[in-house]
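Note that the protein sequences, when read in sequence, are chains F and B.
Quick note: the first sequence uses this note's numbering, first residue 71, plus one each step.
Quick note: the second sequence uses this note's numbering, first residue 30, plus one each step.
Honestly, the hints are just simulated from the structure, not real lab data.
A virtual CB, placed ideally from N, CA and C, is assigned to each residue, including glycine.
Hints are supplied without guarantee of correctness; some may be wrong.
To be clear about the criterion: a stretch of chain B counts as covered by chain F if any three or more of its residues have a C-beta under 8 Å from a C-beta of chain F, and this derived list gives those stretches [to be verified]:
hint: 1; region: 34 to 45
hint: 2; region: 89 to 98
hint: 3; region: 259 to 273
hint: 4; region: 307 to 318
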Amino acid sequence: MTKSPRFQMFPEAYSVGKLGSIVPNTEVGDFQVVRNSIGTRVNKDGLIEVMDANVPRLDYSDGGCPKLLTESSFTNVCLWSEDFTKSEWTKSNVILQNGFSSPDGNNDATKVVISGGNSNHSLFQNLGSAVPYCLNSFFVKKAEYKKISVSPFGSSANRVVFDIDEGYVDSVIGLDGDYGIEKHANGWFRVWVSSAIVSGSTASYILMTVVDDNGANVFSGDGGFYIWGAFANTASGLHTCNSSYIPTNGAIATRQADQVINGGNSSTFNSQSGVLFADVKFKNQQSPSMISLNSGGVTSRLDMYSYQGNSISFEYNKNSTLASSILVDTPIELKNKFAMQWGVGKTYVYVNGVKYEPSTATDVTYSTNSLTNLGLQFYNGSFTLQAETKSIQHYDSLSDLEMEQLTGYDSYSDMTSQFNFNVL
Amino acid sequence: MAKNLSIVAQGISGDDGHLLGYNVSDNGVFTPAIGDVVRGTSATYLAQDGTIKTAPPNVARVDYTNGVAELLLEPESTNLVPYSENFSQWSAFSGQSITPNYAIAPNGKNDASRIVFSSSNQLLKQTTTLPINVVCTASVFIKGTKGETIQITGGGIDDLKTLSGEWERIETTQTSASPDIIINTYGGSTARDVLLWGAQQERISYATSYIPNIYAGVSTRSADSMTNFGSSQIIDSQSGVLLFEGYFFEGGFGMQSSTSNFRIILGYAGSNPRKMYYYINDSVTELISQTYDYLKIVLKYNNGTQECYVNGVLEGTSTYSTPTDLSFLDLSAFQGRIRQLKYLPYNTDISKL
Chain F
71 MTKSPRFQMF
81 PEAYSVGKLG
91 SIVPNTEVGD
101 FQVVRNSIGT
111 RVNKDGLIEV
121 MDANVPRLDY
131 SDGGCPKLLT
141 ESSFTNVCLW
151 SEDFTKSEWT
161 KSNVILQNGF
171 SSPDGNNDAT
181 KVVISGGNSN
191 HSLFQNLGSA
201 VPYCLNSFFV
211 KKAEYKKISV
221 SPFGSSANRV
231 VFDIDEGYVD
241 SVIGLDGDYG
251 IEKHANGWFR
261 VWVSSAIVSG
271 STASYILMTV
281 VDDNGANVFS
291 GDGGFYIWGA
301 FANTASGLHT
311 CNSSYIPTNG
321 AIATRQADQV
331 INGGNSSTFN
341 SQSGVLFADV
351 KFKNQQSPSM
361 ISLNSGGVTS
371 RLDMYSYQGN
381 SISFEYNKNS
391 TLASSILVDT
401 PIELKNKFAM
411 QWGVGKTYVY
421 VNGVKYEPST
431 ATDVTYSTNS
441 LTNLGLQFYN
451 GSFTLQAETK
461 SIQHYDSLSD
471 LEMEQLTGYD
481 SYSDMTSQFN
491 FNVL
Chain B
30 MAKNLSIVAQ
40 GISGDDGHLL
50 GYNVSDNGVF
60 TPAIGDVVRG
70 TSATYLAQDG
80 TIKTAPPNVA
90 RVDYTNGVAE
100 LLLEPESTNL
110 VPYSENFSQW
120 SAFSGQSITP
130 NYAIAPNGKN
140 DASRIVFSSS
150 NQLLKQTTTL
160 PINVVCTASV
170 FIKGTKGETI
180 QITGGGIDDL
190 KTLSGEWERI
200 ETTQTSASPD
210 IIINTYGGST
220 ARDVLLWGAQ
230 QERISYATSY
240 IPNIYAGVST
250 RSADSMTNFG
260 SSQIIDSQSG
270 VLLFEGYFFE
280 GGFGMQSSTS
290 NFRIILGYAG
300 SNPRKMYYYI
310 NDSVTELISQ
320 TYDYLKIVLK
330 YNNGTQECYV
340 NGVLEGTSTY
350 STPTDLSFLD
360 LSAFQGRIRQ
370 LKYLPYNTDI
380 SKL
């Protein structure tokens, strides 16, 4: 596509409180970044790195170009997330060895070694009374053992077993919830399980158990595996993906929401007709996750968001009224390239190269200079985008071919690469 | 928007829970048609390098058993043979020798056992939980001397096999009279020195992909399911060409509606004899072919005219009305091998397919 963008952000240049845009190449194009706490990311070397407050997180989890990581507020209620020797951690038929290389590049990982003969071998922390939902997560790496199970309510009948050699979910036993495993550098995996309360539970835990190669969780032997970076959350609702890691040192810790706001101004955007494009992989969906180009208030708004389902909503608001909307089903846990166009005869969207139109054709245009404010949240500060964002762009009106090229792919191998898929 | 959808095994990609089909626009732009992949357990397949590998749960398998890439979708099956790779745990006659971990096995690891029978009328036996009087298939990977023979006994019925001199999987399908699986030198067998790996006995009329059952008990591989490829933006309900190339085991596939009972389905059903058919909504047309062998099927349809070709032969015609709101390609009830599965525009020259 040859048409030049009026606004273009690829996450590259940043400083405290600022995320630079490529177009316009002035301070007008920069986003303001607010996060009132530290946050962690995966850096270019594949290591977990703590970023200071208000510093945008350019994340390299998928390798290749960095993505802008934005998340909602989240709390780690697990105490001593990296020091399993503390008394808050119960060692049940395991002993600990310290000083191993960890996912942050320091020698602060722990080896969990089984002991105590033919028994269950667990490491856990009691999080207090049983809550409706509990999330557990650990960084783990195989040693002599390559399987572990995670059970947030301490029940062997409700758990997920992970293979931390090949990096997959080995089996799901009686779980009402969600789970996953993420590959990290140097042989580490991060496993997570989000579970609804198990009937009869009196407490919530962060709990892992060693599993032998035959799938048994009661056995005798020697050897163990490595562990680092425990994470637990007991807020309401099941989670469909994990939060980035939040370290703790004896007290619970909260990472505040990322706000990326105030990109561009009235001269940046073509209010009468234009295109807003995003290349995004949505994350947690417990609240709406939004990108909005608006007038700085409720009056004029172009909102693109996802919320609790495999779909993206596109809403055109004019004079504080919903003028048109389009809902597109798409697997939102994967990256999506989508573009929302407005203008006379141009009110439609493209998602991954496919055109979608509103059920009733409607022309939506805005008066000159009325669109002034691009942000990765709703106009009023709510619904912060929870996603990995590769790019945000704005163009003057585009043809169908240009929309198709902007949101589609050059080849099958291009799709394979950009979705981070493997050739089978 | 160009209406087309392709799933081609050669070079296909995916991840945990997803398989990447595609659409190509008139402008040559690729758009994804990502389907859902569900299989609750890991499963094995023959990789392009000739070794048997394991796919994690919910990851599609591209299998090269027939020398080309094929998506493999199988029913649930259970390997009833305990210690399927450890023949020292099997019963044997005195005088036979069993050496575990003797040679490279089909999985590329040093897991093959050497079995030396000292004479005729010897056996290596494992008892399973197979019931009596059920259809079963016993199989084992074996490498021996070319031209020599050996018996595999599944469900109590002997079957003499001639060896190729290379690793091969011998199998026998029987109605069970006994729960045992036996490798033996009865029946005039001439082989005395063989390598064995990966025994399996299952209650299915053909050998499915190998299911490791390393210890006592049984191991089950869950069924494969794939669905939800495409959208109404890239599928034309009223007309088109549905192309399938591969092997049908059972079931069927086709294009479905997410809001109604409309459908266009190609499939197999029943037994004695099983019948191939296509459905347009609730109207069915039976075809002639009944084979489990390689098939290339083309169903060309529009509103009022349908033609179905199997391996180039016109086997069915009909004049049904076509659906109006098909929105995805569904393989959730299909079992077989897919080299390619395509929805193409109606004006496609089918003589080239």
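Inset, instruction - Any hints from earlier that this structure breaks? Give me their numbers in increasing order, please. - result: Hint 4 is the one this structure does not satisfy, whereas the remaining hints hold.
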